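Let the sequences and hints guide you as you build the complete structure.
Residue strings, one per chain:
2 protein chains.
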Amino acid sequence: MLSKKTQYAFKALTYLAEQEKDLPVLIAEISKKKKIPLKFLENILLELRKAGMLESKKGKGGGYFLKQDPTKIPLSKVMRLIEGPIALLPCVSLNFYKKCKDCDEKNCGLNHVMIEVRDNMLQILENKTVADLTGK
Amino acid sequence: MLSKKTQYAFKALTYLAEQEKDLPVLIAEISKKKKIPLKFLENILLELRKAGMLESKKGKGGGYFLKQDPTKIPLSKVMRLIEGPIALLPCVSLNFYKKCKDCDEKNCGLNHVMIEVRDNMLQILENKTVADLTGK
DNA sequence: CGTATTGCGTTTTCTTAGATAGCATGATTT
DNA sequence: AAATCATGCTATCTAAGAAAACGCAATACG
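Residue numbers (the numbering used here), protein chains in the order written: chain P, 27 to 162; chain D, 27 to 162.
The hints are simulated quantities; they were obtained by calculation from the structure and are not laboratory data. Hints may be right or wrong, so weigh each one.
In this list, chains with the same sequence are indistinguishable; a pair is considered to hold if it fits within one copy or across any two.
[Claimed, not checked] Cross-link-like lysine-lysine pairs, in silico, DSS-like; alpha carbons within 25 angstroms at most:
#1 Lys47 with Lys86
#2 Lys124 with Lys31
#3 Lys65 with Lys154
#4 Lys125 with Lys84
#5 Lys127 with Lys59
#6 Lys124 with Lys93
#7 Lys31 with Lys86
#8 Lys61 with Lys31
#9 Lys31 with Lys125
#10 Lys60 with Lys83
#11 Lys30 with Lys127
#12 Lys76 with Lys154
#13 Lys132 with Lys154
#14 Lys59 with Lys86
Here the structure is a predicted model, which is why all the values come from computation and not from measurement.
Laid out in structure tokens, this is it:
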């Protein structure tokens, strides 16, 4: 299951993608509309900004807005950033690989199955983008 | 990612499936061979027994052994028992469904994508069984 | 300047994973 | 029946991580 944090990230990005381009939106507005705890959301948006997906503007008329085109942000990117690995096992992760202690991967049935699962998940998550989440 | 507990469950089941049928195996042996903390493994095996996958025998010559044929134990069943939901969101889970507070599922893009992901995962996890994990 | 807004480190709270301990219970052997 | 082997069960501990809240600094704008 995805953590609440990741779920919030998706909701916030969706909301921003539905707004007018380059129009700063208050954290408080997103928080209210999407029922996300304000301070928690603050951290999430900051992470997304640091990763280059969002831009922010301080002061009056400030807020957050998308830096990248929503069609250019695959869901897998958001997941890896906020959630971590997409794969179900470390020994099967492309971006967060960690070797299995006690199994020879070539001969590990579990490894093979989980690679298959991973590939199936990625095939969707790499191709669907934030733009696909909006009601537009 | 799967919890250690679920990973251990898979390893233990795999080990048992590789043994001679109906031959009790000591918890200690599984623990040693698969490098699983003994007492933790005890709990896991107990859960699997209660779920009807394993049988146990006390006393000398006792131990655990498979009750069901490994080809009859889909990986999804183990995951749901030990890990919980397979789906990435509660509002998309078949066995652990929980309604989303603030979204109308019919019009929620995230919901739709995650249903697709779930179905792709299940297509594999429902069809692969413990027997597919063994080196046999 | 003054106000609005994000930036960000810190702290708190809560939950869960993971691991530990100990005694009860049942089966087998002698 | 006694000794021994092995699981059954429950209670508890610790650490880590998720979720959320706090307070103030920094910045931008008018």
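Now for the hints, and whether the structure bears them out:
Only within a single protomer do Lys47 and Lys86 lie at most 25 angstroms apart by alpha-carbon distance; the minimum there is 18 angstroms, versus 73 angstroms between protomers. In this assembly of identical chains, Lys124 and Lys31 lie within 25 angstroms of each other by CA distance both inside one copy and across copies; the values are 24 angstroms within and 17 angstroms between. Within a single copy, Lys65 and Lys154 get their C-alpha atoms no closer than 28 angstroms, and across copies no closer than 43 angstroms, so neither meets the 25 angstroms cut-off. Within a single copy, Lys125 and Lys84 get their C-alpha atoms no closer than 44 angstroms, and across copies no closer than 36 angstroms, so neither meets the 25 angstroms cut-off.
For a Cα distance limit of 25 angstroms, the shortest separation of Lys127 from Lys59 across copies, 12 angstroms, qualifies, whereas the shortest one inside one copy, 46 angstroms, does not. In the homo-oligomer, the alpha carbons of Lys124 and Lys93 never lie at most 25 angstroms apart, since the shortest distance is 33 angstroms inside one protomer and 33 angstroms across protomers. When the C-alpha separation of Lys31 and Lys86 is checked against a cutoff of 25 angstroms, the pair qualifies neither within a copy, at 27 angstroms, nor between copies, at 50 angstroms. In this homomeric assembly, Lys61 and Lys31 come within 25 angstroms of each other (Cα to Cα) only inside a single copy, at 13 angstroms, whereas the closest approach across copies is 33 angstroms.
Within a single copy, Lys31 and Lys125 get their C-alpha atoms only as close as 27 angstroms, which misses the 25 angstroms cut-off; across copies the closest is 18 angstroms, which meets it. Taking CA atoms no more than 25 angstroms apart as the test, Lys60 paired with Lys83 passes inside one copy only; the shortest distance there is 21 angstroms, against 54 angstroms between copies. Proximity of Lys30 to Lys127 under the C-alpha cut-off of 25 angstroms is restricted to the inter-copy arrangement: shortest distance 13 angstroms between copies versus 30 angstroms within a copy. In this assembly of identical chains, Lys76 and Lys154 lie within 25 angstroms of each other by CA distance solely inside one copy; the values are 22 angstroms within and 41 angstroms between copies.
Within a single copy, Lys132 and Lys154 get their C-alpha atoms only as close as 31 angstroms, which misses the 25 angstroms cut-off; across copies the closest is 18 angstroms, which meets it. For the identical chains of this complex, Lys59 and Lys86 are intra-copy neighbours only, at 20 angstroms inside a copy versus 64 angstroms across copies, given an alpha-carbon limit of 25 angstroms.
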